[in-house]
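Asker: Listed here are the chains, written in short residue letters.
There are 2 protein chains.
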Amino acid sequence: MLVSPKEGILDPQGSAVRGALEHLGFGVSNARVGRLVDLEIDAGSESEARRLVEEMCEKLLANPLIEGYEIEVAPE
Amino acid sequence: MLVSPKEGILDPQGSAVRGALEHLGFGVSNARVGRLVDLEIDAGSESEARRLVEEMCEKLLANPLIEGYEIEVAPE
Numbered sequence: 139m140l141v142s143p144k145e146g147i148l149d150p151q152g153s154a155v156r157g158a159l160e161h162l163g164f165g166v167s168n169a170r171v172g173r174l175v176d177l178e179i180d181a182g183s184e185s186e187a188r189r190l191v192e193e194m195c196e197k198l199l200a201n202p203l204i205e206g207y208e209i210e211v212a213p214e
Numbered sequence: 139m140l141v142s143p144k145e146g147i148l149d150p151q152g153s154a155v156r157g158a159l160e161h162l163g164f165g166v167s168n169a170r171v172g173r174l175v176d177l178e179i180d181a182g183s184e185s186e187a188r189r190l191v192e193e194m195c196e197k198l199l200a201n202p203l204i205e206g207y208e209i210e211v212a213p214e
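From first to last, the protein sequence lines are chains A and B. Per the working numbering, the first sequence starts with residue 139, numbered consecutively. Per the working numbering, the second sequence starts with residue 139, numbered consecutively.
No lab work stands behind these hints: they were computed from the structure. Possibly wrong hints are sitting among the right ones.
Note that the list lumps identical chains together, so a pair holds whenever it fits in one copy or between two copies.
[Unchecked claim] Calculated cross-link-like contacts (lysine to aspartate or glutamate; reagent style EDC-like; alpha-carbon spacing at most 16 angstroms):
hint	residue 1	residue 2
1	Lys-144	Glu-160
2	Lys-197	Glu-208
3	Lys-144	Glu-196
4	Lys-144	Glu-208
5	Lys-144	Asp-176
6	Lys-144	Glu-214
7	Lys-197	Glu-160
8	Lys-144	Glu-184
9	Lys-197	Glu-184
10	Lys-144	Glu-186
11	Lys-144	Glu-205
12	Lys-197	Glu-145
13	Lys-197	Asp-149
14	Lys-197	Asp-180
15	Lys-144	Glu-193
16	Lys-197	Glu-214
Construct the complete structure from the given sequences, taking the supplied hints into account.
Answerer: Structure representation (structure tokens):
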């Protein structure tokens, strides 16, 4: 799953990355930094896996006030 | 672009996430944490954009000793 700052929310990490890249001579008009969390879980189905990860996001992995998240399920 | 710890490299952030999720009652057999960096840049073509981001990764965004990266280009 991917967690990223919501539109319109200040992203200090992104600003720092943008500043550092410009300092190195790269032109960057915008930079946002988020997290990638790769989880291996046991679930009976894809929809069950998605439901579980949604619950994990709400409870721990994302801050719903300032972050959005996107879940991708890859069966093994 | 996505930066994630290479296979076989210890991932303390991932271990912390796994521990916290188990503490909440979720069964997780593995967790890895990486970064998502979303960049807006001007480039003449997709291959030029990819080349630029590759250079940014090598110079700043990833630590090639312990991290791998994956670049996805989305033209606007």
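Asker: Against each hint, give a clear statement of whether it holds in the structure.
Answerer: Hint by hint, here is what the structure shows:
1. Lys-144 to Glu-160: neither (23 angstroms within a copy, 27 angstroms between copies)
2. Lys-197 to Glu-208: Answer is within; shortest intra-copy Cα gap is 15 angstroms, inter-copy 28 angstroms.
3. Lys-144 to Glu-196: The answer is within: 15 angstroms in one copy meets 16 angstroms, while 27 angstroms across copies does not.
4. Lys-144 to Glu-208: within (12 angstroms within a copy, 22 angstroms between copies)
5. Lys-144 to Asp-176: between (20 angstroms within a copy, 13 angstroms between copies)
6. Lys-144 to Glu-214: Classified as neither; 31 angstroms inside a copy, 20 angstroms across copies.
7. Lys-197 to Glu-160: Close across copies (12 angstroms), not inside one copy (37 angstroms); limit 16 angstroms.
8. Lys-144 to Glu-184: neither (26 angstroms within a copy, 26 angstroms between copies)
9. Lys-197 to Glu-184: For Lys-197 and Glu-184, the Cα distance exceeds 16 angstroms both inside one copy (20 angstroms) and across copies (38 angstroms).
10. Lys-144 to Glu-186: neither (26 angstroms within a copy, 28 angstroms between copies)
11. Lys-144 to Glu-205: within (5 angstroms within a copy, 26 angstroms between copies)
12. Lys-197 to Glu-145: For Lys-197 and Glu-145, the Cα distance exceeds 16 angstroms both inside one copy (21 angstroms) and across copies (28 angstroms).
13. Lys-197 to Asp-149: For Lys-197 and Asp-149, neither the intra-copy (22 angstroms) nor the inter-copy (22 angstroms) Cα distance is at most 16 angstroms.
14. Lys-197 to Asp-180: Result: close neither inside a copy nor across copies, 19 angstroms intra and 38 angstroms inter.
15. Lys-144 to Glu-193: neither (19 angstroms within a copy, 27 angstroms between copies)
16. Lys-197 to Glu-214: neither (25 angstroms within a copy, 34 angstroms between copies)
Checked against the numbered hints given earlier, the structure breaks hints 1, 6, 8, 9, 10, 12, 13, 14, 15 and 16 and satisfies all the rest.
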